[in-house]
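J.: Chain by chain, the residues:
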Amino acid sequence: MSRKNLSGIVQQTGAQHVVMRTLLFLTLGVFCLYYLIPLIVMIATSLKSLEEIRAGSLLSLPQEVTFDAWNKAWSSACVGVRCDGLQPFFWNSVAMVVPAVTISTILGALNGYALTKWRFPGADIIFALILFGAFIPFQVILLPMARTLGVMGLAGTIPGLILVHVIYGLAFTTLFFRNFFIGVSSGIIQAAQIDGAGFFGIFFRIVLPMSLPAIVVTVIWQFTQIWNDFLFGIAFTVGDSNPVTVALNNVVNTSTGVKEYNVDMAAAIIAALPTLAVYVIAGAYFVRGLSAGAVKG
Amino acid sequence: MSDIRLEKVKKNFGATEVIKGIYLAIDPGEFVVLVGPSGCGKSTLLNLIAGLETITEGDIYIGGKRVNDTPPRDRDIAMVFQSYALYPTKTVRNNITFGMVSRNIPKADQDAAVEEISTLLQIERLLSRKPGQLSGGQRQRVAMGRALVRKPDVFLFDEPLSNLDAKLRIEMRTEIKKLHQRLGKTIVYVTHDQIEAMTLASRIAVMDNGHIRQFADPAAIYEDPVDLFVAGFMGSPPMNMIPGKIGAQDGQCVVSTGSPDEDPLDFPLPPALYERVSAMEGRDVILGLRPEAIFAAGTELPGANRFTFERPVSVVEPTGPDTMILFHHAGLDVVARVRPEDARPEGTLFSFEADMEKTKLFDAKTTLRI
Chain A
364 MSRKNLSGIV
374 QQTGAQHVVM
384 RTLLFLTLGV
394 FCLYYLIPLI
404 VMIATSLKSL
414 EEIRAGSLLS
424 LPQEVTFDAW
434 NKAWSSACVG
444 VRCDGLQPFF
454 WNSVAMVVPA
464 VTISTILGAL
474 NGYALTKWRF
484 PGADIIFALI
494 LFGAFIPFQV
504 ILLPMARTLG
514 VMGLAGTIPG
524 LILVHVIYGL
534 AFTTLFFRNF
544 FIGVSSGIIQ
554 AAQIDGAGFF
564 GIFFRIVLPM
574 SLPAIVVTVI
584 WQFTQIWNDF
594 LFGIAFTVGD
604 SNPVTVALNN
614 VVNTSTGVKE
624 YNVDMAAAII
634 AALPTLAVYV
644 IAGAYFVRGL
654 SAGAVKG
Chain B
74 MSDIRLEKVK
84 KNFGATEVIK
94 GIYLAIDPGE
104 FVVLVGPSGC
114 GKSTLLNLIA
124 GLETITEGDI
134 YIGGKRVNDT
144 PPRDRDIAMV
154 FQSYALYPTK
164 TVRNNITFGM
174 VSRNIPKADQ
184 DAAVEEISTL
194 LQIERLLSRK
204 PGQLSGGQRQ
214 RVAMGRALVR
224 KPDVFLFDEP
234 LSNLDAKLRI
244 EMRTEIKKLH
254 QRLGKTIVYV
264 THDQIEAMTL
274 ASRIAVMDNG
284 HIRQFADPAA
294 IYEDPVDLFV
304 AGFMGSPPMN
314 MIPGKIGAQD
324 GQCVVSTGSP
334 DEDPLDFPLP
344 PALYERVSAM
354 EGRDVILGLR
364 PEAIFAAGTE
374 LPGANRFTFE
384 RPVSVVEPTG
394 PDTMILFHHA
404 GLDVVARVRP
414 EDARPEGTLF
424 SFEADMEKTK
434 LFDAKTTLRI
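Top to bottom, those sequences are chains A and B. All you need for the numbering used here is the position in the first sequence, starting with 1, plus 363. All you need for the numbering used here is the position in the second sequence, starting with 1, plus 73.
What the hints contain is simulated information worked out from the structure, not anything from laboratory work. The reader is advised that the hints may include incorrect statements.
Example chain A residues on the side facing chain B (calculated, C-beta under 8 Å, incomplete) [what the hints assert, rightly or not]: (1) Leu-505; (2) Leu-506; (3) Met-508; (4) Ala-509; (5) Ile-545; (6) Gly-550; (7) Gln-553; (8) Ala-554; (9) Gln-556; (10) Asp-558; (11) Ala-560; (12) Gly-564; (13) Pro-572; (14) Gln-588.
Label pairs and their computed distance ranges (CB to CB) [what the hints assert, rightly or not]: (15) A:Gly-561 x B:Asp-100: 48 to 54 Å; (16) B:Asn-167 x A:Leu-387: 48 to 54 Å; (17) A:Ile-545 x B:Pro-413: 48 to 54 Å.
Because the structure is a prediction, the values reported are computed rather than measured. The beta-carbon is built from N, C-alpha and C at its ideal position, and this holds for glycine as well.
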């Protein structure tokens, strides 16, 4: 419900109401602060110099704002023996997440479309089996997957990691699209069939443009999962092909030298920024898509 | 123009038989309405003709060609759906042209066709809008435009008016009829609304439970129903169906209705029915009298075979042009249609007159017409 609709509702008035309102917003404020403190601490620390960190308290704001730590985290921090910062690994992650999200989303849309609109015998069983993939714990498939990648010659490479994420993502993307398409009127598909369009013609020209809300949900989900993944990244890539999550771990967990908290914090924020960006950008589309796609029967 | 022929058509969904062996011959240019209660298989039958469902047994011919294995796009049909089924992300223009785009028809021809159809249906102003911005009636027009633009041999309508409000429904009904008069194409039209069926059809197929009970022109369906189902389905308010027994009284054949302890009525049968039932004395029958066959005594021009009786009025339902008067008889509420000025308040003793010429008689066991 939009704010405009809410404003028309007759509200309670009086002293008791004011007290309750104040109490409510106070509580909400406290919760808000509680959740924001870690982020505030991270940002504040990343903007301090090492001396200031040692001198001040954890919660104090930076006296002198400096982006040195960000610079170092991005381009010169040591990851293992290589001292180019997070930058190369960040681009590794981008090179992995873009194709992985795209492929798994398109395949999921195709699966959901076929499972709901081109019913075939056993469709429900196949869907149940695909869905089962969502419940397989990651650890179980590590060894067989490593062996498979080895046989395919993809071990320790980014394409190998993409393949793993596509396969693991299919269960969820299929689920999302299947649940979306089940609500799409079959009449539309039938009309398109009579209009002379085929399986893929209907998919690309009718169904896919309709499914913007499902696409956005799926992209947010897949992007977050794949970008934030650590286990597959560390298990199936080596050194230079590591994604940013693994590199971040290597930056933070070095056992040599001084602990540079400001660099650690900056690196962590850099590694987390893309997911935040996806939430902010796609989230707006998500809400818009939901209301724009609504056509009543 | 094409004819449609269905021969022993059957359709099963899993173990359930939905269409149970249907024969139907639709002449070229005819407007056939498939009517029946929900779940009678009428929409399934339409989908079989369209090719949206695969036929289990039997044959379907369109224009003399067997189309059992022809996909919908090659059947030279167009269909209008109950939910309109417009493509929500496309503009009205692109909704209408989608079929032509799929068939690679040149752009110039597409534009000409859109021009022609949008003028015909008065949707020129809507061409750049999306379906979400249209009202129900406008969507209905666009859906019809999408079907018309193909210039197919056969039009299939699947309850196209059931999502519209009452007033619009009547307007669109007239427009569909005009359209058929102008284009002269074969139309198969599915509805559960018997008034739509009566007003539109050149012939009506009344369906029940996967069978066609009767296939005839509207007048015959209404005046000459083959069984209780057809008689009860067509007409609003529905036909009064009074259980009774055939008997003889003063040398006349009568149907005795109502139990002896609550004012029985002996309806005398007209001569036309005599001969058919004279040998059936004692047989249980259902006496069918449509509401308009019972009126206030003396308000219609006198005719042969009228039967006058008195009953207290139990409910009065004015509809505007007529008033329905309900009275209690034989455990039923019997409806009579009277002129509003003849109506009397509840509880008054009212003198009814029944036109026995219009009586229909059904066998109580087989439900078939006698």
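J.: Would you mind marking each hint as holding or not holding in the structure?
T.: Here's how the hints hold up against the structure:
1. Leu-505: 42 Å, violated
2. Leu-506: At 43 Å from the nearest chain B Cβ, A:Leu-506 fails the 8 Å test, so the hint is violated.
3. Met-508: A:Met-508 check fails; min Cβ-Cβ to chain B is 38 Å, beyond 8 Å.
4. Ala-509: 43 Å, violated
5. Ile-545: Violated, because the Cβ-Cβ distance from A:Ile-545 to chain B comes to roughly 15 Å (cut-off 8 Å).
6. Gly-550: Holds, about 3 Å.
7. Gln-553: 5 Å, holds
8. Ala-554: 4 Å, holds
9. Gln-556: 5 Å, holds
10. Asp-558: 4 Å, holds
11. Ala-560: With a closest approach of 5 Å, the A:Ala-560 hint holds.
12. Gly-564: Interface hint status for A:Gly-564: holds (6 Å vs cutoff 8 Å).
13. Pro-572: Holds, because the Cβ-Cβ distance from A:Pro-572 to chain B comes to roughly 4 Å (cut-off 8 Å).
14. Gln-588: 28 Å, violated
15. A:Gly-561 x B:Asp-100: 48 to 54 Å: 33 Å Cβ-Cβ, so the 48 to 54 Å window is violated.
16. B:Asn-167 x A:Leu-387: 48 to 54 Å: Because 50 Å falls inside the window, the suggested range holds.
17. A:Ile-545 x B:Pro-413: 48 to 54 Å: Between A:Ile-545 and B:Pro-413, where Cβ atoms are some 51 Å apart, the hint holds.
The structure fails hints 1, 2, 3, 4, 5, 14, 15 (numbered hints given earlier, in ascending order).
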